[in-house]
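Colleague: If you want the building blocks of each chain, they are given just below.
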Amino acid sequence: MMQKIEKALAFALGALLALMVVDVTWQILTRFLPMQPSSYTEELARYLLVWIGILGGAYAFRKKSHLGIDLLTNALHGTARKTVQIFVVLVCFGFAASAMVYGGSKLMLLTFELEQYSAALNIPMGYVYSVLPLSGLLICLFSIDQLVELITAKQELPAEFDSSVHPFAEEAEEIQAQVAREQQEKQKQPSAAAEA
Amino acid sequence: MEVAVIVLLVSFLILLALNVPISISIGAATVLTMLCTIDFDPAMITMAQRMASGIDSFALLAIPFFIFSGMLMGSGGIARRIIDFARVLVGMLPGGLAFVNIISCTLFGSISGSAVAATSAIGGFMIPSMTKEGYDKNFNTAVTVASSTTGLLIPPSNILIVFSLASGGVSIAALFIAGYLPGLLLALGLMIVCGIWAKAKGYPVGEKPTLKFALQKTLDAVPSLFLIFIVIGGIISGFFTATEASAVAVLYSLLLSCVVYKEVKWGELPALLTKSVETTAIVMFLIAASSAMSWIMSYQNIPQTISQALITISDNPLLILLTINLILLAVGAFMDMTPAVLIFTPIFLPVVTELGMSPLQFGIVMILNLCIGLCTPPVGSVLFVGASISKTSITALIRPLMPMYLMMFVVLALVTLVPGISEFLPRALGLIE
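Residue numbers (our numbering), protein chains in the order written: chain B, 1 to 196; chain R, 1 to 433.
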């Protein structure tokens, strides 16, 4: 279930970024081609960024890739470590529930009530703000999942949030592996040539 | 007001130390501070509203685009072409491979926009090949780690965009151009260190390339380096805004990596998009939370309070600048760049402008300072990636890094004391007065 949500989230976010690229490309094209410069692309791109940033926050939370300082957690063991780790997840849950779900829905309802519309696209601002409660709910959901994992875990789990940026770390491993493979092939080739 | 300052500082530091993500530490500390003076409902609504409006900015769009184009350009093939090009430039000097390493890291760091990516892509190839030529492995890793950070000062650079936002609107174009000289100065300084080290250790001199080889390798590298030209040329000439330039960078890297070199398969694009979004979201979520925090801070007059406290330390502006630099160095050792810039810019900027430093110069000083933190323990991400690539320990790297830290401090001192290093190019191009 969680995996499915995570996959859907990844797909939606990737699509939003792709849409953003198309949108800004279109904006540049309309500026240089002899036609009316587009008026709504800038606004659309900004709102897409809000969605990517806030909804992506939930995805990064699930992937445990938010930056954090793990020195203390790594120094702790046993119950103390577990307690701290559970506390961390509870803080995240509390923040998401209060500011994002509660504050975000209030904000959304308020702007619907006041009938606030965006300047260029003329869409209700409530739709833009709806990403806050949505992302907040997801963070709450992921927190609960993480909490269950923490409580039921038999062994010590690694600290949740470390200081490195994961996507690049993965990339780094791939590049390393690729270079190693190529070097091996290179070493094989001259010897094969010598044998021949 | 006193209570609010204490609540904000104490809750933030405790949450941070306990491993709550920095962005959520900022958010939660802000919520607690708000609750000191504002009722629950309006506090939560303000928090939510500030988070959304904090990232509702066309200038910030450049960040996901530069990240995505960096991911597209981050393949091993492009790293290799840049290394070959650098070999043509400086390979024949004594200790030439160290110079090749520095130039490659600088160029790749600039194109990919990530010091970690530069360390892994360039280091992954250069560290083993330097070791094979008889260079000391720990030295090679130290060179890679230190020089990877130069790419953060040389545009396109996302951290400069973040600073532009945090400072309340220093021009991104001016910051981009201002980063060149300090970044190149740092690279040059590191080359001097390596030259002396290589002479002392008697490291081999590389072969002089033949003209045909030199021409061919230069031509091979041109398409990748052309990205920098499009982005910076487009911005300086006023042809594009920084955001538009970043979108063009995405299109160009798509063309280069997927169509020309075919190093990225079309099928890999969705995964790359998701990765880019993940990295983007870390930064954006931080910006969202920080914009709520800077609101509550200015609501409570906190930056002014801290600024005044700093100014009363001493009448000597140099001493205050030294204090600020030392605080930033300490912060950089524990915190990644983006949150550090977002948190400390609003606090220190009023102090330094009172001392007569321009926001532009302060941006460069701050980023250069925090670059040092990326290569120091306990939490320097570039240092860790470097150590893991060369399969060596952090402690073994500290000794060869010492002269490089020293050189970084010298460059930092120069950039702090001489405004011209940051301001000359943007002024010459008419980007600042």
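Fair warning: there could be bad hints in the mix.
Claimed, not checked - Straight-line distance between alpha carbons at most 35 angstroms, and here's what the computed DSBU-like set of lysine-lysine pairs gives:
hint, chain 1, residue 1, chain 2, residue 2
1, B, Lys82, B, Lys63
2, B, Lys63, R, Lys391
3, B, Lys64, R, Lys137
In case anyone wonders, no lab produced these hints; they're calculated from the structure. This structure is a prediction, so every number in the text was calculated from the model and none was measured.
Colleague: The structure should be examined with respect to each hint, and the outcome stated for every one.
Modeller: Status of each hint after checking the structure:
Using a Cα cut-off of 35 angstroms, the hinted pair B:Lys82 and B:Lys63 holds, with the two alpha carbons roughly 20 angstroms apart. Taken as a hint, the B:Lys63 and R:Lys391 pair is honoured in the structure, with Cα atoms around 26 angstroms apart against an allowance of 35 angstroms. Taken as a hint, the B:Lys64 and R:Lys137 pair is honoured in the structure, with Cα atoms around 32 angstroms apart against an allowance of 35 angstroms.
Violation of the numbered hints given earlier is absent; every hint is satisfied by the structure.
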